[in-house]
Amino acid sequence: MRMRPTLSWTPVAADLLPGTTDLEPLVDALSAGGVLVLSGAGISTESGIPDYRGEGGSLSRHTPMTYQDFTGSAHAQRRYWARSHLGWRTFGQARPNAGHLAVAAFARDARVSGVITQNVDGLHQAAGSEGIVELHGSLDRVVCLSCRAISPRRELALRLEAENPGFAPVAAGINPDGDADLTDAQVGDFRVVPCAGCGGVLKPEVVFFGESVPPQRVEHCRQLVREATALLVLGSSLTVMSGLRFVRQASQEGKPVLIVNRDPTRGDPHARTRVALPLGTALTTVADRLGIPVGGPAD
Numbered sequence: 001m002r003m004r005p006t007l008s009w010t011p012v013a014a015d016l017l018p019g020t021t022d023l024e025p026l027v028d029a030l031s032a033g034g035v036l037v038l039s040g041a042g043i044s045t046e047s048g049i050p051d052y053r054g055e056g057g058s059l060s061r062h063t064p065m066t067y068q069d070f071t072g073s074a075h076a077q078r079r080y081w082a083r084s085h086l087g088w089r090t091f092g093q094a095r096p097n098a099g100h101l102a103v104a105a106f107a108r109d110a111r112v113s114g115v116i117t118q119n120v121d122g123l124h125q126a127a128g129s130e131g132i133v134e135l136h137g138s139l140d141r142v143v144c145l146s147c148r149a150i151s152p153r154r155e156l157a158l159r160l161e162a163e164n165p166g167f168a169p170v171a172a173g174i175n176p177d178g179d180a181d182l183t184d185a186q187v188g189d190f191r192v193v194p195c196a197g198c199g200g201v202l203k204p205e206v207v208f209f210g211e212s213v214p215p216q217r218v219e220h221c222r223q224l225v226r227e228a229t230a231l232l233v234l235g236s237s238l239t240v241m242s243g244l245r246f247v248r249q250a251s252q253e254g255k256p257v258l259i260v261n262r263d264p265t266r267g268d269p270h271a272r273t274r275v276a277l278p279l280g281t282a283l284t285t286v287a288d289r290l291g292i293p294v295g296g297p298a299d
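Taking this note's numbering, I'd label the letters of the sequence shown as residues 1 to 299.
No wet-lab data here; the hints were simulated from the structure.
Nothing false has been slipped in among the hints.
Label pairs and their in silico Cβ distance ranges:
no., residue 1, residue 2, range
1, Gln-216, Val-27, 31 to 41 Å
2, Arg-272, Gly-166, 51 to 61 Å
3, Val-193, Glu-253, 43 to 53 Å
4, Pro-214, Asp-22, 29 to 39 Å
Because the structure is a prediction, the values reported are computed rather than measured.
Each residue gets a CB set at the ideal place from its N, CA and C atoms; glycine is no exception.
Input sequences plus hints: build the corresponding full structure.
As structure tokens, this is what we get:
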């Protein structure tokens, strides 16, 4: 299935849930166990990575690269890699926050059956969560569009540093996809490097807007929904179909959908509740009520 390049949606007031601060539905669901988590960019904002659509979200100043633009233009590839290379330096320094740590703690206590994340930042893994399904891939990896070889992002970063010594423009901001806001003048004559094996075009192993999520990954996620007792959505507006379809599936199967997001979401019509609290606060409070310690990945 192709991920719809939808950047916004128009809420219908009758379909929206009023935000609540009542955490008891989350406590009850996690008490029973078997809860599947679906996380979005909002869970990483407390780590210093902005989301797309919340207050101050990056879409107010930035349009993400589409697959069609990237593959259709060498200029677009140069612009993307210049911005992404600069963003990677900051993005790679982000650390998991209380929300990520709470999700990992719930999993260790057998309250959470799995985690599907729409994020590409690797912060769930850094918090100690295992078996994460990266729906949209990860910025940690790079794929060649010709030979399909996968290589670590750190290797590409070293090659780009060597080809572009002294490249250090000041970005206007960093986005959830790791892309820095740079002007064309700041991009300048940035040099892109090809695949070391075949000379093909390199792309981060992430699903761009307009690109297909691998069907086997989608089916794996659907199976996780079928096996779950409830679906807990954390920090996602559910604007794009790649995440919304799992909310619809859970609802159709009669499983409770619980959302923690400050703003209304496209999944509200399918949810039993939407908690409008900061994720770190909400999840650590739930953990405390369940008597589950929330510590770092080494604890």
